[in-house]
Structures are given as structure tokens and as C-alpha cells.
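Trainee: Starting from the known structure of chain A, fit chain B onto it as the hints suggest.
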Amino acid sequence: MTWTTTNDDDRSRALMLELAGVSKRFGAAEVLRGIDLSAAAGATTVLIGPSGCGKSTVLRLMIGLIAPDAGVVRFDGRIVDARTVAEVRARSGYVIQDGGLFPHLDARANVVLMARHRGWPGEKIQRRVDELVQLTHFPGDALARYPVELSGGQRQRVSLMRALMLDPDVVLLDEPLGALDPLIRAELQADLRRIFRDLKKTVVLVTHDLSEAGRLGDLIVLLRDGAIVQRGTLAELARAPRETFVTDFINAQRSPLEGL
Amino acid sequence: MRNTSLLALIALLINSACSESPARAAAPTPVRLGSKAFTESVILGEIATALLRAQGIPTIHRRQLGGTTILFSALTAGEIDAYPDYTGTLTQEILRGTDQAALPAALAARGVAMTAPLGFEDSYALGMKSARATALGIARISDLASHPELRLAFSSEFMARADGWPALRARYQLPQRNVRGVDHEVAYRGLESGDADVVDLYTTDPEIPEHDLRVLEDDRHQFPSYAAVFLYRAELATRAPAALAALRLLQGRISTPAMIALNARAKRGKVPETSLAAKFVATTFPQSIERAPPPPGPGLGAGSPPWLGDLAQRTVEHLFLVAVSLFLAILVGLPLGIAAARRPILGRAILAVTGIFQTIPSLALLVFMIPLLGIGSAPAIVALFLYSLLPIVRNTHAGLRGVPPPLREVATALGLHARAALRLIELPLASPAILAGIKTAAVINVGTATLGALIGAGGYGQPILTGIRLDDTRLILEGALPAAALALLVERLFDLVEKLVVPRGLRLPG
Numbered sequence: 001m002t003w004t005t006t007n008d009d010d011r012s013r014a015l016m017l018e019l020a021g022v023s024k025r026f027g028a029a030e031v032l033r034g035i036d037l038s039a040a041a042g043a044t045t046v047l048i049g050p051s052g053c054g055k056s057t058v059l060r061l062m063i064g065l066i067a068p069d070a071g072v073v074r075f076d077g078r079i080v081d082a083r084t085v086a087e088v089r090a091r092s093g094y095v096i097q098d099g100g101l102f103p104h105l106d107a108r109a110n111v112v113l114m115a116r117h118r119g120w121p122g123e124k125i126q127r128r129v130d131e132l133v134q135l136t137h138f139p140g141d142a143l144a145r146y147p148v149e150l151s152g153g154q155r156q157r158v159s160l161m162r163a164l165m166l167d168p169d170v171v172l173l174d175e176p177l178g179a180l181d182p183l184i185r186a187e188l189q190a191d192l193r194r195i196f197r198d199l200k201k202t203v204v205l206v207t208h209d210l211s212e213a214g215r216l217g218d219l220i221v222l223l224r225d226g227a228i229v230q231r232g233t234l235a236e237l238a239r240a241p242r243e244t245f246v247t248d249f250i251n252a253q254r255s256p257l258e259g260l
Numbered sequence: 001m002r003n004t005s006l007l008a009l010i011a012l013l014i015n016s017a018c019s020e021s022p023a024r025a026a027a028p029t030p031v032r033l034g035s036k037a038f039t040e041s042v043i044l045g046e047i048a049t050a051l052l053r054a055q056g057i058p059t060i061h062r063r064q065l066g067g068t069t070i071l072f073s074a075l076t077a078g079e080i081d082a083y084p085d086y087t088g089t090l091t092q093e094i095l096r097g098t099d100q101a102a103l104p105a106a107l108a109a110r111g112v113a114m115t116a117p118l119g120f121e122d123s124y125a126l127g128m129k130s131a132r133a134t135a136l137g138i139a140r141i142s143d144l145a146s147h148p149e150l151r152l153a154f155s156s157e158f159m160a161r162a163d164g165w166p167a168l169r170a171r172y173q174l175p176q177r178n179v180r181g182v183d184h185e186v187a188y189r190g191l192e193s194g195d196a197d198v199v200d201l202y203t204t205d206p207e208i209p210e211h212d213l214r215v216l217e218d219d220r221h222q223f224p225s226y227a228a229v230f231l232y233r234a235e236l237a238t239r240a241p242a243a244l245a246a247l248r249l250l251q252g253r254i255s256t257p258a259m260i261a262l263n264a265r266a267k268r269g270k271v272p273e274t275s276l277a278a279k280f281v282a283t284t285f286p287q288s289i290e291r292a293p294p295p296p297g298p299g300l301g302a303g304s305p306p307w308l309g310d311l312a313q314r315t316v317e318h319l320f321l322v323a324v325s326l327f328l329a330i331l332v333g334l335p336l337g338i339a340a341a342r343r344p345i346l347g348r349a350i351l352a353v354t355g356i357f358q359t360i361p362s363l364a365l366l367v368f369m370i371p372l373l374g375i376g377s378a379p380a381i382v383a384l385f386l387y388s389l390l391p392i393v394r395n396t397h398a399g400l401r402g403v404p405p406p407l408r409e410v411a412t413a414l415g416l417h418a419r420a421a422l423r424l425i426e427l428p429l430a431s432p433a434i435l436a437g438i439k440t441a442a443v444i445n446v447g448t449a450t451l452g453a454l455i456g457a458g459g460y461g462q463p464i465l466t467g468i469r470l471d472d473t474r475l476i477l478e479g480a481l482p483a484a485a486l487a488l489l490v491e492r493l494f495d496l497v498e499k500l501v502v503p504r505g506l507r508l509p510g
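Chains as they are written, first to last, in the working numbering: chain A, 1 to 260; chain B, 1 to 510.
Calculated from the structure, these hints are not laboratory results. Treat the hints loosely; a few may be bogus.
[Claimed, not checked] Reference listing, derived: stretches of chain A covered by chain B, where coverage requires no fewer than 3 residues with Cβ under 8 Å from a Cβ of chain B: (1) 81 to 92; (2) 109 to 122; (3) 143 to 154.
[Claimed, not checked] Restraint-style ranges between C-beta atoms, simulated for each label pair: (4) Pro-361(B) to Phe-26(A): 45 to 51 Å; (5) Arg-401(B) to Gly-152(A): 26 to 32 Å; (6) Asp-181(A) to Pro-406(B): 19 to 25 Å; (7) Phe-26(A) to Pro-509(B): 32 to 38 Å; (8) Ala-487(B) to Asp-181(A): 45 to 51 Å; (9) Leu-496(B) to Gly-42(A): 51 to 57 Å; (10) Leu-199(A) to Ala-487(B): 54 to 60 Å; (11) Ala-70(A) to Arg-401(B): 28 to 34 Å; (12) Ile-79(A) to Pro-405(B): 22 to 28 Å; (13) Phe-26(A) to Glu-491(B): 41 to 47 Å; (14) Arg-342(B) to Ile-79(A): 23 to 29 Å; (15) Arg-116(A) to Glu-491(B): 34 to 40 Å; (16) Ser-211(A) to Glu-491(B): 53 to 59 Å; (17) Arg-116(A) to Pro-361(B): 47 to 53 Å.
[Stated by the list, open to error] Derived lysine to any residue pairs resembling SDA-like cross-links, with alpha carbons at most 25 Å apart: (18) Lys-129(B) to Arg-189(B); (19) Lys-499(B) to Ala-109(A); (20) Lys-270(B) to Ala-258(B); (21) Lys-499(B) to Leu-143(A); (22) Lys-267(B) to His-184(B); (23) Lys-499(B) to Arg-423(B); (24) Lys-129(B) to His-147(B); (25) Lys-124(A) to His-417(B); (26) Lys-499(B) to Arg-145(A); (27) Lys-124(A) to Ala-421(B); (28) Lys-499(B) to Ala-144(A).
Ideal placement from N, C-alpha and C gives every residue a C-beta, glycine not left out.
Bound conformation, chain A alone:
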């Protein structure tokens, strides 16, 4: 047992997150079929694919909300299980569509929830909040507002601040911009790109939007029916599609303006 762990450490030094031979089924539906997947430290990995391809399930496995039926999930070289999951969560931030903000807490209370729970001194909390407000371009006076009083874009910024509050190594984002209108979406995409580049965190982002994947991802992983179809940059996927599905998926999302 000891020597395997050492072996794992050696092998996955550059890999912050790793799924090895992971399968998952919910009732009769097989959501993941033995996939191998890794996210390099400091890079942004984008999981993309049609609805139901299993991309959100990958994120939920990575933060230990569900356990694999077969295979293992590793976080920084260690298997994610009941013993390690608390540390995994402490070192990860998690953002979902619509933000997942707690409606009974104002923006600030949402952001500082875990810091306060862990007994951070007020001064340290305030310093961190100031940093995050600057980083995410969130209007500081809106910190006292409740989620229902915030716009969709503001809610996502609060959610991002909450995910970054404890300065995690990994940030997991599940369709963070899915519910936003195009203008706000473009603005937030630009901000996310800048933040990810500046912070050099390991980021895994789930989306079904190809242009978002191309703009934000260092590596794109295309999934279909619980299996990986192809991985690479957007250019590699477009130039050397491994299957017709890759071309079809890319063509389906071409801008109507391209043909003009």
C-alpha cells in the first residue's frame, strides 16, 4: 500500500486532479464509462459536450459529492475518499450555474461563510474580501445586498469570490455563465480569463459553449455519452477531428456571422 502511494505521487506530480478508469451510474443510466482524465496544475481544463454527456458528474466526483462505482479520483496525488474529502474540499472552490448563493445570507456573508466558520479573525477576513472585490470587479457597496437583489452577473461574481475566499488550489466551475445574457457573459468571460491567468490556479470548467471553451481553456476535453471523444486545443479539435462527431459539434456552434 505504501509503495503504491509513493508511486502515485511520482507519477502525478504535475497532475492536480486525475480520474483513472472511473465509471458512474445513476440507477439504470451509465453516466461515465471508465474514463481517464487529468487536469494539470495551474492550467484551465474545459469539459465540453452535449447535455447528459457526464461533464457535471466529473466535477461532482472531483469534490467528493459522489463516489465512483469503479476507478479512483485523485486530488494532488491522493485518492479522494472519506478520509481525504475534507481536505479536498478545503483546497477547492466550487461555482455552479446561477451561483448557488444562499438566499438568507447577504453577498458578504455568502463570501465569508467558510472563513468565519473556520474562525478567521475579522481583520484577515476584511483584507481578503477587499482583495476579492478588486479581483472580481464587484461593486463593494453591493456586498450588503441579498442574492435576490443582485443581477445574474453580480451573483456569479459573488459565487466566484466565495469559491476563492480560502485561496484554494483548485477551482471547479459548473456552467458558471450558463444563465447569463450575451453581453454580461462576454464581460464575465474576459474577467474569468484574466483572473485564471493571474492566479495560476488549477481550473476545471464545464460548459457546452465552444467559444467559451476556446477563450478560457488551455485544454479542451470533449465528452459524449460518458466517454472522452477527443482532447486538445480548440484548433487541434477543429483541424484534426478524431470522429465526425467532433466536426458536427464544432459546426453546430459556428457563428452565423462566419458565412457573411
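Mentor: Showing chain B alone in chain A's frame:
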């Protein structure tokens, strides 16, 4: 372990709340009399109390408790030592199927004995205006058979009871076709206006002399005999022989006309039962009075009108019942609701059991409680507690189940453990539902607590009960109005609490 200590705490609370003053323990144990929630029974209880006290025997009268079942349970449970009842009631309601001749033996098996009859019967009977009865030559029920044209107006209860009109008609082969079920008051009015000829009545009704009625003789003995007696715990003969001897003084000393007169003066003349009893004892037993009757109880606060003192006391009693039971229900219901939400199978069981409590009729629940907790506020509090559980458990369960799954997942993903997630996220999100459940329980409690008067728990039910038996609307309102006001007040209070407890973010228009 935690459950045991919680139960112990509840038991302690109820005991300390309901035990009477310690001074009582030092004094010789008084004889405890009871009476039912109707005027004749209260008068008999007061007469016995006055007689015992006149002989220097310390006596407590738990007046105007509920019905036969409550009194008999209280007697066998040792909560009271004696109360007045009727032989027919015992063979019809308590010891069903027992012959009246076998009654003493059947009672003895339960540690209960009865005095000889007090001298009057309160039976079912038929009555007619004396003049009309004389004119038609009717003195007995069997005489009715030859007058098929007579119009009969009976109380709905008498019409419905198997031992009422159906049995009577069969027994006497009565031919009348014009038989109507009406309210008792309406029947008497019909008698006066000539729209009805025969009504059912009780043989000690004050209406008999008032309407100049002739009570028809039950010549075929259809109605069981309802001879008034005192029931007492058999051990009274050794524990308090003087008290028993005093009770026995009443044997054969209260005639039917005397009882009718007493009922009339209490119901029509609004003479307090205590004064009626004092006067009755003084005139009937002048030789047996050893000491002057003790002065009436301590006066109410000087300067304030008596009804205000009554109202204040009833309010305190009522609030006590509601507050203690609600507090206990929150203490128990909240964890039960949380457990129900956490474990679906256990949850179904919890909801089913609390639901069953809700379906037990309140009177039955109170009767169940007497052997366990006696009479007074303790059984009332436990009953109210059980009724309060369902809304609190159900709303806590529903509120927690209503927390959106993504938010629960986010709480977990952020690193909150189950307990912290419950405290910081789930309970605050469920707080509007939980508070609504507590509010429902509180408002229902205010109303249901009026039934506490049936087992001597006091509160606003006291004047309602007296008002009903004396047919006095003003008295009924004296209990019903404050109860309604209290219910509204409680509702407003919870609106305020909601502002304090429910987080602002949940009260904003979405």
C-alpha cells in the same frame, strides 16, 4: 441518553409546574370531592362540601369537571375521593350490562363503593301540561296508547338513543305518528303554544313546576332508575371514617321537589351553588353543625372589580397551559422533524405517529391521561403537547425537505459538515415553514386549552363550561372572547417573531 435526560426534564417541568403548594403536604390530607359539568352535580358537590366542612373536615371540591368517564377515572385513579352520580348512568355508561342489583359488587371490584340513594331520581320521563293531562285523563305512559292524535316533541338525543323513543314506543305500543325531534327549549315553547302535547324531560328539571307539567308514570318500567348516590373510594371507610359518615347523612335527605327547587334557583335565579348548599345544609342538618362554616376564600385584589381578578387568573392559567405545552412541543418536535427529514423511513414513522395523536378526540385523550397523570394541568399540558407535535414536526420536515438540493450540495462542497450545514444553511432556510408550524400549533392550542377545564386545569374553559350548564351566554362569552383575543394576539406575536427569526434575505420579494 439524550432522550432520557430530555424526558426527565419534561417530567420535572410538569411536576414542578403542577404540584400544589408545599404547605398542603404538612396539613392533614383533605377529602377531595368532585362534580360533573352540569348544575345538579355541582350543587350536590357543594352540599357535600358544605356538610363536611361544617363538621370540621377539611374538604376540597374539584367542581365542574367533565363527564362521567372523567369523574369515574379520577375516582379510581385516586385523584378524588367521592362524587355524585346516578345508578342508571353507572349501569348504562361505566359498567355496561351490569344489573342495578349487582352494582355494589361490580363497583367493589374497582375499589369503589356507593352510598344509599340520596332521595331523588333524575331519570328520563315524559311530561304533559297538567291541565291537558287531566282533561284527557292521562296519568301514566300507557294511557298515551289510546290517544293517537297527540303530538310528541322530543329532544334529538332522546329520539336517537336506542333506549330512548324507539324502545319506549315498542314497549308501550304507542300509536302516535306526529313525532318530531326538536331542541329542548323549542319543545317547551311548543308545549306552551299548544303545538306539542308531550315532551321528554328529566325528572328534576326546573321546567316541571315552571310549566306546570305532569310527569307521566313509567308504569311498565321502561326507563332505568337514575337514583342519585355518592360514589366514594372504598378505602375512605378506614382513611376518613368521619367524612364517610358525613356523606351518609345525605342518604334519603334530598327529595325530588327539593332538588328541582335547587336546580331552579341555580339556573333561573342565578344563585351561586355555594350559597344554595350552605342554606340547604343549615336548614336540613341544623343539629350536625359543630363549627361555623369557614369564611369564604381569600378576597381578590382590593379595589379591582372581581371579574377582573377572575379574568387575570384565568388568563394566567390559560397562558400557562399553552406556553408550557408549546415549549415542550418545540423542544421535542424540532429534533423529530429534523430526524424525519434526514431519514425518510424513520420520517414516515414519525409523521404517522404524530398524525395519529392528532386524530385522538381531545376528550378521549384527556380521559386516557387521568390514570397516568391525574386531573389538573398536567394531563392537559401533555394532551396539548401531543396535539402541538404534528404541525411542528410536519412543517420542520417539509421546510428542510424544501431546501433546494443544489444549495445542500454547495454547502457540502464548501466543506460544511452535516451539523454545521443544518445550523448555518438548512434551518435558516426552513425557518419560515418551521415558524408557521409553531404558530399553527400555538393558535390551535389556545382554542383546545379551553377543554382543560373539563379536567380541572382552569383557564378560559372554566366560564365557558359554567355558561353552558347554566345556559348563560354572558358567561360563555367571558371565556370565549378572551380565548379568541388571545388567539389573535398569539398570531400577531408570531408575526413579530417572524421578523426577528426569519432572515431578511428570505423576506424580500424575489
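Trainee: Can you name, in rising order, the numbers of the hints this structure does not satisfy?
Mentor: none
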